[in-house]
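Once you've looked at the hints, dock chain B against the given chain A.
From first to last, the protein sequence lines stand for chains A and B. For the first sequence, full-length UniProt numbering gives the first residue as 1, with consecutive numbering after it. For the second sequence, full-length UniProt numbering gives the first residue as 1, with consecutive numbering after it.
Among these hints, one or two may not hold up.
Unchecked claim - Straight-line Cα separation of at most 25 Å, DMTMM-like style, residue types lysine to aspartate or glutamate; simulated pairs: (1) B/174 - A/265; (2) A/174 - B/162; (3) B/97 - B/116.
What the hints assert, rightly or not - If the Cβ cut is set under 7 Å, some of the chain A residues that face chain B in the computed set are: (4) 38; (5) 40; (6) 56; (7) 99; (8) 100; (9) 105; (10) 111; (11) 113; (12) 118; (13) 164; (14) 172; (15) 173; (16) 174.
Claimed, not checked - Derived coverage of chain A by chain B (criterion: at least 3 residues anywhere in the stretch with Cβ under 8 Å from a Cβ of chain B; other residues may be distant): (17) 29–37; (18) 121–135.
FYI, nobody ran anything at the bench for these hints, they're computed from the structure. Just so it is clear, the structure is predicted and the values come from calculations on it, not from any experiment. Here a beta-carbon is modelled for each residue, glycine too, at the ideal position from N, C-alpha and C.
There are 2 protein chains.
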Amino acid sequence: LNLAADCNAVLKALQPIFQEQGMTETVHNWEDHGYLATYIKKNGSFANLRIHPHGLVLVDLQSYNDNTKGREEVDQLLNKVEERMKELFHGNIKRVKRLPAILRGGVIDRYWPTADGRLVEYDIDEVVYDEDSPFQNIKILHSKQFGNILILSGDVNLAESDLAYTQAIMGSGKEDYTGKEVLILGGGDGGILYEIVKLKPKMVTMVEISFASNIDQMVIDGCKKYMRKTCGDVLDNLKGECYQVLIEDCIPVLKRYAKEGRMFDYVINDLTAVPISTSPEEDSTWEFLRLILDLSMKVLKQDGKYFTQ
Amino acid sequence: LNLAADCNAVLKALQPIFQEQGMTETVHNWEDHGYLATYIKKNGSFANLRIHPHGLVLVDLQSYNDNTKGREEVDQLLNKVEERMKELFHGNIKRVKRLPAILRGGVIDRYWPTADGRLVEYDIDEVVYDEDSPFQNIKILHSKQFGNILILSGDVNLAESDLAYTQAIMGSGKEDYTGKEVLILGGGDGGILYEIVKLKPKMVTMVEISFASNIDQMVIDGCKKYMRKTCGDVLDNLKGECYQVLIEDCIPVLKRYAKEGRMFDYVINDLTAVPISTSPEEDSTWEFLRLILDLSMKVLKQDGKYFTQ
Numbered sequence: 001l002n003l004a005a006d007c008n009a010v011l012k013a014l015q016p017i018f019q020e021q022g023m024t025e026t027v028h029n030w031e032d033h034g035y036l037a038t039y040i041k042k043n044g045s046f047a048n049l050r051i052h053p054h055g056l057v058l059v060d061l062q063s064y065n066d067n068t069k070g071r072e073e074v075d076q077l078l079n080k081v082e083e084r085m086k087e088l089f090h091g092n093i094k095r096v097k098r099l100p101a102i103l104r105g106g107v108i109d110r111y112w113p114t115a116d117g118r119l120v121e122y123d124i125d126e127v128v129y130d131e132d133s134p135f136q137n138i139k140i141l142h143s144k145q146f147g148n149i150l151i152l153s154g155d156v157n158l159a160e161s162d163l164a165y166t167q168a169i170m171g172s173g174k175e176d177y178t179g180k181e182v183l184i185l186g187g188g189d190g191g192i193l194y195e196i197v198k199l200k201p202k203m204v205t206m207v208e209i210s211f212a213s214n215i216d217q218m219v220i221d222g223c224k225k226y227m228r229k230t231c232g233d234v235l236d237n238l239k240g241e242c243y244q245v246l247i248e249d250c251i252p253v254l255k256r257y258a259k260e261g262r263m264f265d266y267v268i269n270d271l272t273a274v275p276i277s278t279s280p281e282e283d284s285t286w287e288f289l290r291l292i293l294d295l296s297m298k299v300l301k302q303d304g305k306y307f308t309q
Numbered sequence: 001l002n003l004a005a006d007c008n009a010v011l012k013a014l015q016p017i018f019q020e021q022g023m024t025e026t027v028h029n030w031e032d033h034g035y036l037a038t039y040i041k042k043n044g045s046f047a048n049l050r051i052h053p054h055g056l057v058l059v060d061l062q063s064y065n066d067n068t069k070g071r072e073e074v075d076q077l078l079n080k081v082e083e084r085m086k087e088l089f090h091g092n093i094k095r096v097k098r099l100p101a102i103l104r105g106g107v108i109d110r111y112w113p114t115a116d117g118r119l120v121e122y123d124i125d126e127v128v129y130d131e132d133s134p135f136q137n138i139k140i141l142h143s144k145q146f147g148n149i150l151i152l153s154g155d156v157n158l159a160e161s162d163l164a165y166t167q168a169i170m171g172s173g174k175e176d177y178t179g180k181e182v183l184i185l186g187g188g189d190g191g192i193l194y195e196i197v198k199l200k201p202k203m204v205t206m207v208e209i210s211f212a213s214n215i216d217q218m219v220i221d222g223c224k225k226y227m228r229k230t231c232g233d234v235l236d237n238l239k240g241e242c243y244q245v246l247i248e249d250c251i252p253v254l255k256r257y258a259k260e261g262r263m264f265d266y267v268i269n270d271l272t273a274v275p276i277s278t279s280p281e282e283d284s285t286w287e288f289l290r291l292i293l294d295l296s297m298k299v300l301k302q303d304g305k306y307f308t309q
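The following block holds chain A by itself, in its conformation from the complex:
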C-alpha cells in the first residue's frame, strides 16, 4: 500500500512539470507494476515517465532535430524533475544519473558497440570509406579523438591512434630490430610492418590471409588509402627493400619455413584476438592458438622472441 501511495505521490509531483510544457498526458496504471505516463508535445517530441513500485523512476525524452535550444530545454526540464524528487523525498535519493542523448537516424552513426556488447559512442565526424566486399562491410570513419577508424562488419578493428598497440606488440620500445629477421603473422593493416621497417631490419616477412584474420583485398585497399598514419606506404607494394608481404595462410608458410630451417629473431603474432569470455572457449580456438605457437617456436632462433596480444 505504501509503495503504491509513493508511486502515486511521484506521479502527482512530476505531472505539473510536463503539463507546464503544454504536453498532453496519457497515464497507464498497472496493478502491480506502477505507472507509465506519456507526455506528447505539439512539435513531435514526447516524454515517458516510468515509475516502478520499488523506487526506480525513469524519464526518457525523445525529440527530433537536436539543437542547443532543445538541449537547454531538456536540461531545464530534468533539473525540475530532480528538484521536485529531492523535495518529495527530502533529499533521500540513492542515485541520480543523466545519460547523454542517444542520436539516431543521422547521416553519421556514432555508436559502435564492443565485441562483448557494450554501448560505445565515438566522436565520428566523417564517413571516409564505406564499401561492401564479398566478405564483409568495410567502413573507415574519422574520429576527432582516434583519427581514422577501421570498422569491419560493425566491429571496431583499428584506429590511426592505436600506435600504442603496435608499440606494445613490438616490445614497448625495448627491442632492437636493426639487422634482424622478423616474421609477422597477420597485421593486415600494415601498422606493425610500417613501424618495424623504420627500424632498419634485415628482412620482415608479413603473412596475411583473407579469411582467417578478417582481412581481404578491399580492406588492404581501404587501409593503404585512408589509414596512412598507420601503414605509411608499406602496403602500396607487397615487396620493399627489407620486407615482403605474403598473401597466404600462415600455417602452411610456417610449416614450410620450419622444414626449410628458416629462422627468425622475432615472431609477432597479430592474428585475431581471442575475445574475453566467461564461458569455456571452443576447443578449436585453443587448438588453433596452440598450433600457431608450436609452429612459431620451430622457426624461432635460440635467443629469438615471440610477441602476441
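Then chain B, alone, in the frame of chain A:
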C-alpha cells in the same frame, strides 16, 4: 500526402507484431510529425514505436528485470519488425541499427560518459571504493577489461590498464632513467613514480597538490589501497630510497628550484590535460600551461628532456 500514407502503412504493418504479444495500444497522430504508438504489456514492460514522416522509424523497448529469456523475446520482436519493414519497402531501407540495451537502476552503474559527453559503457563488475571527500566523489570500480578504474566526480581518471599511458609519457621505453634526476609534476595516482623507481634513478621528486590536479588525500588513500597494479607501494610512504613526494603546489616549488639552481635530467608534466575543445580555450588555461613550461625549462639541464601529454 505520400509521406503521410507511408507513415500509416508502417503503422499498419507493425501493429500486429505488438498486438500478438498481447500489448495494449495507444496511438497518437500528429498533423505534421507522424505517429507515436505506445504498446503496454501486463508484466510492466512497454514499447514506443515512433514513425517520422521523412522515413525514420524508432522502436524503443523498456522492461524491468533483464534476463536471457527477456532478451531473446526482445530479439525476436525486433527481428519481426525488421522483416516486416523490409517486406514493406522491398528491402529498400537505408540503414538498420540495433543498440545494446541500456541498463538503469542496477547496483552497478556501467555508464561513464567521456569529458566531451559521449556515452561509454564499461564492463564494471564490482564497486571497490565509493566515498565522498570534501572536494569530490571518489569511486574505484573494477572492470574486467581495464582492471580497477579511478573515477573522480563522474570523470574517468585512470585505470590499472593504463600502463601504456604511463610508458608513453615516460618516452615509450627509449629513455634510460638509471642514475638520473627526475621531477614529476602531478601524477598523484603514483603510476609514473612507480614505473621510474623500478629503473634505478638517482632521485625522483613528485610534486602533487590537492586542488589543481583533482587529487586529494582521499584519492591517494584510495589509490594506494585499490590501484596497486598502478602505483605498487610508492604511495605507502611519501619518501623512499630514491624518491620523495611533495604535497605542494608545483609552481612555488619550481620557482624555488629555479632560484636554487636545482637541475633535472627529466621533467614529466602529468598535470590535468587540456580537454579537447573546438572553441578557444580560456586565456587562463594557456597562461597556466605557459608558466609551467617556462619554469620547467629553467630547471632542466642542457641535455634534459621534458615530457607531457
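Against the structure, the hints:
1. For a cut-off of 25 Å, the pair hint linking residue 174 of chain B to residue 265 of chain A stands: about 20 Å separates their Cα positions.
2. This hinted pair checks out: residue 174 of chain A and residue 162 of chain B have alpha carbons roughly 18 Å apart, not beyond 25 Å.
3. Straight-line distance between C-alpha atoms of residue 97 of chain B and residue 116 of chain B comes to about 24 Å, which keeps the hinted pair within the 25 Å bound.
4. A cut of 7 Å between beta carbons decides the hint on residue 38 of chain A: the least distance to chain B is about 6 Å, and the hint holds.
5. Residue-level restraint check for residue 40 of chain A holds (minimum Cβ-Cβ distance to chain B is 5 Å; threshold 7 Å).
6. For residue 56 of chain A, the interface hint holds, the least distance from its beta-carbon to any beta-carbon of chain B being 4 Å, beneath 7 Å.
7. Because the smallest distance between the Cβ of residue 99 of chain A and any Cβ of chain B comes to about 6 Å, under 7 Å, the interface hint for this residue holds.
8. Restraint check, residue 100 of chain A versus chain B: the minimum CB separation of about 5 Å is within 7 Å; hint holds.
9. A least Cβ separation of about 4 Å between residue 105 of chain A and chain B falls short of the 7 Å threshold, and the interface hint therefore holds.
10. Hint on residue 111 of chain A holds. Least Cβ distance to chain B is approximately 6 Å, under the 7 Å limit.
11. Given hint, residue 113 of chain A at the interface with chain B, holds; its Cβ is 5 Å from that chain's nearest Cβ, closer than 7 Å.
12. A distance limit of 7 Å between C-beta atoms decides the matter here; for residue 118 of chain A the minimum to chain B is near 4 Å, and the interface restraint holds.
13. Using the Cβ-Cβ criterion of 7 Å, the hint placing residue 164 of chain A at the interface with chain B is satisfied: the shortest such distance is roughly 4 Å.
14. Because the beta carbon of residue 172 of chain A sits about 5 Å from the nearest beta carbon in chain B, less than 7 Å, this interface hint is met.
15. Taking 7 Å as the C-beta cut-off, the interface hint given for residue 173 of chain A holds, the closest approach to chain B being about 3 Å.
16. Proximity of residue 174 of chain A to chain B holds as hinted, the smallest CB-CB distance being about 5 Å (cut-off 7 Å).
17. Coverage of the stretch 29–37 of chain A by chain B holds in this model, with 5 residues showing a Cβ closer than 8 Å to a Cβ of that chain against a need of three.
18. For a cut-off of 8 Å, the count of residues in the stretch 121–135 of chain A with a CB near a CB of chain B stands at 3, and the three-residue condition holds.
Consistency with the previously given hints is maintained throughout, with no hint failing.
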